[in-house]
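In full-length UniProt numbering, the protein residues as written are 1 to 245.
Worth flagging that the hints you see were computed from the coordinates, not collected in a lab.
All clues given are correct.
Okay, derived cross-link-like pairs now, DSSO-like style, lysine-lysine, Cα gap no bigger than 27 Å in a straight line:
id	residue 1	residue 2
1	K176	K104
2	K210	K77
3	K69	K210
4	K104	K52
5	K52	K239
6	K210	K25
7	K176	K52
8	K69	K104
Quick list of simulated restraints, FRET-style, between CB atoms:
id	residue 1	residue 2	range
9	N117	M181	16 to 26 Å
10	E82	L133	16 to 26 Å
11	A72	T47	30 to 40 Å
By construction, the Cβ of each residue, glycine as well, lies at the ideal position given by its N, Cα and C atoms.
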Amino acid sequence: MAFDATTFGPITLDHLPPFAQRLRKAADLVWEEGYNQPFLRELGNGTLAREKFAFYLLQDYRYLNDYAKVHALALTKTQDPEIMRFMANVQNAIFNVESAMHRKYMASYGISAEEMNNVRQSAFARAYTSNILSIAYGNPLVDILVAVLPCAWVYADYGQRLAAEFGDSLESNPYKSWVDMYKTEEFWSSSAWLIAHIEELVEDLSEERKQELVDIFVTGVENEYMFWASAYDMQYSWKPEWDVR
1 MAFDATTFGP ITLDHLPPFA QRLRKAADLV WEEGYNQPFL RELGNGTLAR EKFAFYLLQD
61 YRYLNDYAKV HALALTKTQD PEIMRFMANV QNAIFNVESA MHRKYMASYG ISAEEMNNVR
121 QSAFARAYTS NILSIAYGNP LVDILVAVLP CAWVYADYGQ RLAAEFGDSL ESNPYKSWVD
181 MYKTEEFWSS SAWLIAHIEE LVEDLSEERK QELVDIFVTG VENEYMFWAS AYDMQYSWKP
241 EWDVR
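Starting from the given sequences, assemble the full structure and let the hints guide the process.
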């Protein structure tokens with residue numbers, strides 16, 4: 001049966017269409033471990049060390065530049081004006097909203113724009129961005145949508161959960177603005193859009209192709225986990241002893 005967004009109703013964290021449910025179930029173990037890892041726990045209760053958050057922000061700033069490139073490449077894989085508009089809007093949000101938050105935080109830490117632009121990318125961040133860029137260059141549109149979905153969906157889910165869990169203490173939390181950005185329905189709307197379009201695009205795909213997409217998604221969620229874990233450890237290389245630079 002074809003997916004009909006009109007009859008299905010609003011896509012929410014608790015109301016997902018079939019293929020999205022499959023994706024979420026496949027990634028459940030790492031998804032939940034991700035939410036419970038020290039970086040997110042300490043961010044939620046406001047005790048995360050500033051230098052660890054700064055490491056994360058610098059890596060995320062680099063990541064977002066590549067994330068924007070992936071959306072630019074996705075734009076070239078379609079003639080659908082709605083999809084093209086979405087991809088352009090994501091790039092606009094990256095450069096004018098999320099990057100502004102990064103710059104504000106970094107300025108408060110005494111880190112200049114030049115330092116931000118020249119930060120060394122960690123092996124974990126590079127593995128993540130290399131993967132999604134490779135998919136964007138060589139794969140069809142649906143693969144790209146699935147590859148970028150973990151970032152949008154994980155952040156929306158964790159943002160809403162952190163706000164609910166730590167809501168009473170967020171006013172005094174130094175990372176309140178981070179939670180505030182990702183807890184909103186406006187931010188979730190990007191995930192909902194991606195999920196709806198993926199649902200339509202997978203309808204006529206073989207089971208083999210669907211499993212390939214599931215694998216892409218799970219890899220993305222695993223990379224999200226490693227992004228935060230390496231930031232918590234302030235780790236540039238796979239083994240600290242390799243980091244001679």
